[in-house]
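**Student:** Since the structure of chain A is already known, use the hints to place chain B on it.
Protein chains: 2
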Amino acid sequence: VGGEPAGIRIEGEDDLVGTFLAPLAAGFPGALGLKDDCAVLAPSPGSELVLKTDPVVSGVHFLPDDDPADIAWKAIAVNVSDLAAKGATPRIYLMALSLPEAPKRDWMARFAEGLDAAQRAFGIVLAGGDTDRTPGQLSIAITVIGEVPAGRMVRRAAAEAGDALYVSGTLGDAALGLALRLDGALAARLGLGIDEAAHAIGRYLRPAPRVALAEVLRAHARAAMDLSDGLMKDLGRMCRASGVGARVMAGDLPLSPAMRRALAADATRMRDVVAAGDDYEILAAISPAACRAFEAAAAGAGVAVTRIGQITSDGEVRVLDAQGEPLALQRTGWDHFQPR
Amino acid sequence: VGGEPAGIRIEGEDDLVGTFLAPLAAGFPGALGLKDDCAVLAPSPGSELVLKTDPVVSGVHFLPDDDPADIAWKAIAVNVSDLAAKGATPRIYLMALSLPEAPKRDWMARFAEGLDAAQRAFGIVLAGGDTDRTPGQLSIAITVIGEVPAGRMVRRAAAEAGDALYVSGTLGDAALGLALRLDGALAARLGLGIDEAAHAIGRYLRPAPRVALAEVLRAHARAAMDLSDGLMKDLGRMCRASGVGARVMAGDLPLSPAMRRALAADATRMRDVVAAGDDYEILAAISPAACRAFEAAAAGAGVAVTRIGQITSDGEVRVLDAQGEPLALQRTGWDHFQPR
Numbered sequence: 001v002g003g004e005p006a007g008i009r010i011e012g013e014d015d016l017v018g019t020f021l022a023p024l025a026a027g028f029p030g031a032l033g034l035k036d037d038c039a040v041l042a043p044s045p046g047s048e049l050v051l052k053t054d055p056v057v058s059g060v061h062f063l064p065d066d067d068p069a070d071i072a073w074k075a076i077a078v079n080v081s082d083l084a085a086k087g088a089t090p091r092i093y094l095m096a097l098s099l100p101e102a103p104k105r106d107w108m109a110r111f112a113e114g115l116d117a118a119q120r121a122f123g124i125v126l127a128g129g130d131t132d133r134t135p136g137q138l139s140i141a142i143t144v145i146g147e148v149p150a151g152r153m154v155r156r157a158a159a160e161a162g163d164a165l166y167v168s169g170t171l172g173d174a175a176l177g178l179a180l181r182l183d184g185a186l187a188a189r190l191g192l193g194i195d196e197a198a199h200a201i202g203r204y205l206r207p208a209p210r211v212a213l214a215e216v217l218r219a220h221a222r223a224a225m226d227l228s229d230g231l232m233k234d235l236g237r238m239c240r241a242s243g244v245g246a247r248v249m250a251g252d253l254p255l256s257p258a259m260r261r262a263l264a265a266d267a268t269r270m271r272d273v274v275a276a277g278d279d280y281e282i283l284a285a286i287s288p289a290a291c292r293a294f295e296a297a298a299a300g301a302g303v304a305v306t307r308i309g310q311i312t313s314d315g316e317v318r319v320l321d322a323q324g325e326p327l328a329l330q331r332t333g334w335d336h337f338q339p340r
Numbered sequence: 001v002g003g004e005p006a007g008i009r010i011e012g013e014d015d016l017v018g019t020f021l022a023p024l025a026a027g028f029p030g031a032l033g034l035k036d037d038c039a040v041l042a043p044s045p046g047s048e049l050v051l052k053t054d055p056v057v058s059g060v061h062f063l064p065d066d067d068p069a070d071i072a073w074k075a076i077a078v079n080v081s082d083l084a085a086k087g088a089t090p091r092i093y094l095m096a097l098s099l100p101e102a103p104k105r106d107w108m109a110r111f112a113e114g115l116d117a118a119q120r121a122f123g124i125v126l127a128g129g130d131t132d133r134t135p136g137q138l139s140i141a142i143t144v145i146g147e148v149p150a151g152r153m154v155r156r157a158a159a160e161a162g163d164a165l166y167v168s169g170t171l172g173d174a175a176l177g178l179a180l181r182l183d184g185a186l187a188a189r190l191g192l193g194i195d196e197a198a199h200a201i202g203r204y205l206r207p208a209p210r211v212a213l214a215e216v217l218r219a220h221a222r223a224a225m226d227l228s229d230g231l232m233k234d235l236g237r238m239c240r241a242s243g244v245g246a247r248v249m250a251g252d253l254p255l256s257p258a259m260r261r262a263l264a265a266d267a268t269r270m271r272d273v274v275a276a277g278d279d280y281e282i283l284a285a286i287s288p289a290a291c292r293a294f295e296a297a298a299a300g301a302g303v304a305v306t307r308i309g310q311i312t313s314d315g316e317v318r319v320l321d322a323q324g325e326p327l328a329l330q331r332t333g334w335d336h337f338q339p340r
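The listed protein sequences derive, respectively, from chains A and B. By the count of the numbering used here, the first sequence reaches residue 340 at its end, each step adding exactly one. By the count of the numbering used here, the second sequence reaches residue 340 at its end, each step adding exactly one.
So that you can see chain A by itself, here it is in the shape it has in the complex (with noise of 0.2 angstroms):
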């Protein structure tokens, strides 16, 4: 696929699926090499399939001049981490392909070069899907496909008052990376340094699911899902969905380098940390006979975890600061159809 010419445009859809998508399916058998009209998957034996579906959009998810590697990563990466968040181990992905013109070869390459990563990265193989044009942008609507032991897959909804909340990784900097990729003076202004800047960049345009955290979150979690709409959003559904609330407290919440100089420049970033999209770490509650076994499988699967907090019985959800007083915020998290 390199070396691609620059500015030639594909020729039709047969071209594109032989040349470009083909060769990302050959490690899957069912997808007979994009060749028939459907994929065809064998579960492994005392399995259950575990599958979501989440497009990415251009203007929406990422912005049209992204490298297409990077696009193509996230598209794949943002739903394998709700099957991460699920204790699943990925197998196969459907792509729909819907660009506003017949791509440039060359543009097609650096996309599939970045699906071809990612799907190393996750270890997801390319099944099917199909290519269209469309009126509108750019969008790739991907379908995930993963697999749990017969009923061991993690729940949302089964939190209970007494466990303590973890998140993985850290929390922020996707949304402090995509105000720096929007406002080429923010990092300056933040006093953030070259190697802080593309951290939180680099968080946002390559987001990386925790797949390593699969089989942790299905042995000692008792409830999970992935951060992708803001941690007092998701923490509120998962609250909801349990019929539990919530107390985390703000000075617990793991921040990298780059975020806790964004603070201290201009507090009102605490936003992004509580209320900001795009984090794709895991939310887990943990039953507080299970933590320690918790925090030593995470540290054994290389996957930094922090308690944040624990569920309650009550149903609020709140974010307290060092003086016990619930986080003042204006925003609660990411909602498409929500005026601003």
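Source of the hints: derived by calculation from the structure; they are not laboratory data. The C-beta atom is built at its ideal place from N, Cα and C for all residues, glycine as well. It is possible that some hints are incorrect.
Coverage of chain B stretches by chain A, computed from C-beta distances (three or more under 8 angstroms per stretch; other residues unrestricted) [claimed, not checked]: (1) 54–61; (2) 74–88; (3) 112–123; (4) 128–140; (5) 152–158.
**Tutor:** Chain B in isolation, oriented as in the chain A frame:
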């Protein structure tokens, strides 16, 4: 869902999912009420899963002012059609719904009615998905999942020289129907009666995937696929995948009374029959020994099938007229990325 007030908009993602979509998932426990990140599917023992995703986009696959119930129906039907061609029994679907703005409640209620009608007609249930705002057109990316007994999916690439070629139903009606919808004076020019025009338009708006033929194909077909991009193009794909050719007799192609009358008035509408999309009929290659049993089983399933030609050993795909001459046709099918 009925009785939603006109003109009032949806308040947020949770409202949209909870009010309009969750009821559609009630029949599938693995949907978890659409309150979890993912759906979970326990495959039937001894079965394999057959998977397909094919989005529909406003202005490409339907018109923006089409009835939302028809749009919803079509979004599911075009995917279920692929399952039927593969001999698979539909089970569940995921839906990625990208909306240009928060939809009005009465629009969304009609859309949900169309989903519900398709679910009942095809025996499929909503299992999960996602809703998003898009800066582009309304787009609906459905992923369908069906089941076949292990190893029994009907392939596209398995046609053999000497096989008889069959199609289900009649060809060209949807393309004629679209032309009628776009040109209010066309029905009169072609001399179509009101019922004939309504038939063709109905075939465009509400394609009827041949779910009833799935088991028949599994039992008797050597190879099959659904016709979505036009007979010539799709037959060409089957032949290329199988390493064979085909000869089709134009006079044997099954036509509705509407299409017959349109052809009598304008012979160039033959393009609708052989080179236009949206038929969603089945193309099947049947070994000579199996033809009688296939015809009987299709009749038993209540689906008309017509023998239209045969698979040949050369690589050529020809549609021959009554004089045995190849039909001259400029367009050979729908390709999203080829210049017109």
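**Student:** State for each hint whether it applies.
**Tutor:** Verification of the supplied hints:
no.: 1; hint: 54–61; verdict: holds (count 6)
no.: 2; hint: 74–88; verdict: holds (count 5)
no.: 3; hint: 112–123; verdict: violated (count 0)
no.: 4; hint: 128–140; verdict: holds (count 11)
no.: 5; hint: 152–158; verdict: holds (count 4)
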